[in-house]
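Asks: Okay, here's what each chain looks like letter by letter:
Protein chains: 2
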Amino acid sequence: MNDDLFKISVVGSGNVASQLIPALSRSKVVITHLSSRNEQSAQGLLGHTTAHKTCQIEELPLNQLALLCVPDDQILPILHRLDPRIEVAYTSGNLHLNQIETSRSAGVFYPLQTFSRERVIDMSAVPMLIEANTKPLESQLLTLAKRISKKVYTKTSDERQQVHQVAVWVNNFTNHILYHARDLSGQYELDFSLFEPLLRETIDKLAVLSPENAQTGPARRGDQRTIQSHLSQLSGIRKEIYDLLSRSIMETYSSKTSKK
Amino acid sequence: MNDDLFKISVVGSGNVASQLIPALSRSKVVITHLSSRNEQSAQGLLGHTTAHKTCQIEELPLNQLALLCVPDDQILPILHRLDPRIEVAYTSGNLHLNQIETSRSAGVFYPLQTFSRERVIDMSAVPMLIEANTKPLESQLLTLAKRISKKVYTKTSDERQQVHQVAVWVNNFTNHILYHARDLSGQYELDFSLFEPLLRETIDKLAVLSPENAQTGPARRGDQRTIQSHLSQLSGIRKEIYDLLSRSIMETYSSKTSKK
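Just so you know, the protein sequences line up as chains A and B, in that order. In terms of the working numbering, the first sequence opens at residue 1 and continues consecutively. In terms of the working numbering, the second sequence opens at residue 261 and continues consecutively.
Just chain A, with the same shape it has in the complex:
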């Protein structure tokens, strides 16, 4: 295996880069160049690279992969500035590979996980979804992904978009519901640790029961009196969410009953 495969450039220094750069570096992947608009967050990552300072997009070397760890809407603008001979891979869950000009060797290196700078992730358990518009690049990305993760899959853009859709529900929406829970708890001057056994059980239960069978609560019972009492305590978009989710729960179980 040619060791040059494992010299790469990285663009971006946000949440994704903050996890991928250290993980790649620990796996003996040499990051020779780092380009980032945010000088401050890039500084904290330079220690995991062999670069002494960040560089411009236009300064990235031609003969090695550039890994774009940037938000979806920055990918195409960056590609316009990047020499067309440079092979690229991006970390987006949703951008379809057919959006990239076919003349360029391009691929996807998508880690299925939520990343925050403050929290170090064990990348070995993170599913990596790989795709490329050339076989050599696909092979290179698979090798790179296997360096950091035990769960590496080739997926088409259509498949990856579906995975990303589900991931938004599993993480983004679940977390936002818990934001409302915690904010309400604060308004009521309750200690949120009171709810920790409930939150833990909510998740642990799913190891033995599907969410469909695990559902409990007023909407599951069709208990309109409790639902109306809770709604009367809420306002604004939070009230809309309570109402819509309660209706969705009732719809889920009434249609199940009528099918039986």
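By construction, these hints were calculated from the structure, which means they are not laboratory data. One or more of the hints may lead you astray.
[Unchecked claim] Here are the simulated DSS-like pairs of lysine-lysine, each with C-alpha atoms no more than 27 angstroms apart in a straight line: (1) K146/A <-> K7/A; (2) K267/B <-> K410/B; (3) K53/A <-> K7/A; (4) K313/B <-> K288/B; (5) K53/A <-> K28/A; (6) K411/B <-> K267/B; (7) K499/B <-> K239/A; (8) K155/A <-> K499/B; (9) K239/A <-> K415/B.
[Said to hold, decoys possible] Cβ-to-Cβ under 8 angstroms is the rule here; a few derived chain B residues that face chain A: (10) D332; (11) A385; (12) V423; (13) Q425; (14) N432; (15) L438; (16) A441; (17) L444; (18) V468; (19) L469; (20) A474; (21) P478; (22) Q493; (23) L504; (24) S508.
All C-beta atoms in this analysis are idealised placements derived from N, C-alpha and C, irrespective of residue type, glycine included.
Go by the hints and put chain B onto chain A.
Replies: Here is chain B on its own, set in the frame of chain A:
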């Protein structure tokens, strides 16, 4: 302590009774009478009592507590049938104690947890919220609760209703979001185990980051292109939920930004 305090009757054989009856029995509380409309589920619980068969509400003994483990809307109808000399406690999170006729000695024995028959809960970690309209009954319920749980609190009905509201968000809504995630995953013919590291991290992360700071994803970034792409894959109430939660996330963070 008078051992007679620890002879009780139970009404109901649903999810709550399925956990409380065995837990009380293990804690040397003697359940002498079990009354239930559902003969089949009651049969499975009789082994944890000293009763050989279920009885009618009207047959419950006068001199011991009756613990009502029934849905909110059944509590008042049961009380109408129950001799007014019988002390009662109910397990509802939302029913206000002032709904009970003041001539009866009545209280609340609310376990803050989600219960399903299929899953045995460690009751010692479950917060128990206690309230009563007489001091002797409050004292009796506190003693009873401490037999099964290390986390026993006295809370007013107003406080308990707030706890219950938050619990609906923490458990019922989180679980329902995960129902949609899993149902989508099934539609896409994906193995839901792919999302297990993400689900685990979603919860584990909250030990070090508030949900507000843990939020990631398209709506957090204001990435309308990805949001619209996801919406185009959905229909019905699921599409409404995606739209409303994305708007709520955007509203949460735009108001935070504008406050800064």
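Asks: Flag every earlier hint the structure violates by its number, smallest first.
Replies: Violated: none.
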